[in-house]
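J.: Starting from the structure of chain A, add chain B where the hints point.
Protein chains: 2
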Amino acid sequence: MGFEVRLFDYLPSGNGYKVRLLLRQLGVPFRLTQVDIVQGETRTPGFLAMNPNGKIPTAEVEPGRFLAESHAICLYFAEGTPFVPPERFERAQMMQWLCFEQYSLEPFIGTLRFWRHSLHRTPEAVGEAYRTKLDGGHRALGILDAALAQEPFLVGGRYGLADVALYAYTHVAAEGDFELSRFPAVRAWHERVRAEPGHVPIDWTPEERP
Amino acid sequence: MGFEVRLFDYLPSGNGYKVRLLLRQLGVPFRLTQVDIVQGETRTPGFLAMNPNGKIPTAEVEPGRFLAESHAICLYFAEGTPFVPPERFERAQMMQWLCFEQYSLEPFIGTLRFWRHSLHRTPEAVGEAYRTKLDGGHRALGILDAALAQEPFLVGGRYGLADVALYAYTHVAAEGDFELSRFPAVRAWHERVRAEPGHVPIDWTPEERP
Chain A
1 MGFEVRLFDY
11 LPSGNGYKVR
21 LLLRQLGVPF
31 RLTQVDIVQG
41 ETRTPGFLAM
51 NPNGKIPTAE
61 VEPGRFLAES
71 HAICLYFAEG
81 TPFVPPERFE
91 RAQMMQWLCF
101 EQYSLEPFIG
111 TLRFWRHSLH
121 RTPEAVGEAY
131 RTKLDGGHRA
141 LGILDAALAQ
151 EPFLVGGRYG
161 LADVALYAYT
171 HVAAEGDFEL
181 SRFPAVRAWH
191 ERVRAEPGHV
201 PIDWTPEERP
Chain B
211 MGFEVRLFDY
221 LPSGNGYKVR
231 LLLRQLGVPF
241 RLTQVDIVQG
251 ETRTPGFLAM
261 NPNGKIPTAE
271 VEPGRFLAES
281 HAICLYFAEG
291 TPFVPPERFE
301 RAQMMQWLCF
311 EQYSLEPFIG
321 TLRFWRHSLH
331 RTPEAVGEAY
341 RTKLDGGHRA
351 LGILDAALAQ
361 EPFLVGGRYG
371 LADVALYAYT
381 HVAAEGDFEL
391 SRFPAVRAWH
401 ERVRAEPGHV
411 PIDWTPEERP
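Protein sequences, first through last, are from chains A and B.
The first sequence begins at 1 in my numbering and counts up one residue at a time.
The second sequence begins at 211 in my numbering and counts up one residue at a time.
Isolated chain A (complex conformation):
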């Protein structure tokens, strides 16, 4: 058989989940190699040869050609599918949401959730940053909530890559102590995202094949 996409990933990662969910919904088969970021497995010479930035998700998308950054990997597969709108302004709106996620949401919700959920740190152990991360995440959720109070999905009224990308960390925000009950439009959108065909939960893995 031909080449199979290979994904190097850490199952609890929201960034990795974006790629896993999208590939599943696009029907792109892939092989998953789990990498334990807590044990430093992204900083070995072998891993750094695939991604010098030492982060998951990293994917071999063509034989010997590797891509890093969740949104770059997603766009590689989503371009030309219904997950990316064809109209110029809507494409840019999708990009705006992807950038917002990486700059104004993930560094707060993703990071605090990682400290609390994966590293098991108490709020006291997190220290001063606990409040900063909590406030930043709630601020981002507020912006998302206001947008979703107007529209069923983030761009052009239909489910797409922006929804995949922003669902990933927000649906598990409670694991970082974020109060989702304050954001009813976000919660209602979570239900709509979960109802999409082919949806899988964050800990889903493709079937093992010999």
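Hints are computed from structural coordinates only; laboratory data are not their basis.
Taking CB as the label site, the calculated pair distances span:
| id | chain 1 | residue 1 | chain 2 | residue 2 | range |
| --- | --- | --- | --- | --- | --- |
| 1 | A | R24 | B | G290 | 26 to 32 Å |
| 2 | B | T332 | A | D135 | 21 to 27 Å |
| 3 | A | A146 | B | Q244 | 22 to 28 Å |
| 4 | B | E417 | A | R194 | 49 to 55 Å |
| 5 | B | Q360 | A | L26 | 27 to 33 Å |
| 6 | A | G157 | B | D345 | 40 to 46 Å |
| 7 | A | S181 | B | E297 | 44 to 50 Å |
| 8 | A | P29 | B | A398 | 41 to 47 Å |
| 9 | B | V248 | A | G80 | 40 to 46 Å |
| 10 | A | A125 | B | D345 | 20 to 26 Å |
| 11 | B | E289 | A | R43 | 34 to 40 Å |
| 12 | A | P197 | B | E289 | 25 to 31 Å |
| 13 | B | E361 | A | S181 | 48 to 54 Å |
Far from chain B, by Cβ distances over 10 Å, these chain A residues were calculated:
| id | residue |
| --- | --- |
| 14 | R6 |
| 15 | D36 |
| 16 | M50 |
| 17 | T81 |
| 18 | P123 |
| 19 | H138 |
| 20 | R182 |
| 21 | H190 |
| 22 | E191 |
The structure displayed is predicted, hence computed values, not measured ones.
Even for Gly, the Cβ is constructed at its ideal location relative to N, Cα and C.
T.: Chain B alone, transformed into the frame defined by chain A:
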């Protein structure tokens, strides 16, 4: 006359400079409205109506249609031009660099430079974060340097949007105390970027028109 693109921006911002440099090199005329982020001008009700995230650059790209996030604005204008490669893997590599910039470079170099250069904070006033930001920025510059030791430009051997985006903060990194002398391939690439037709410096503004 018809509609003119309007850019709301803060001149010292590297994020804003990406858009200004690209529009200039694409020959897209635009009107610049300077916004003083230090004085809170991005948090007024009027500004938040254009961009609920309260950040520059924000652009009116079509009548009454606003976009935020430097890379989303840049892609809106650059798609279909030689600044974005047409080949699938190279497009994804460009996206990977844009994501790297926003997640692994700008929060270190852009933020420390803003504190030192725009807010005039001393390293002592910055405190513990001074070393974290400095180390993170040098790490990002190291990754960039290794890539640029192999290739004249970031993607496909030719100047494009990834170069515009990564040039913006790295060329003024010294204003945040980063040691560019340690990264000779980055410095040589800065010279190549500056030699591109239509290049303008970070404080360039379009001609005032009545």
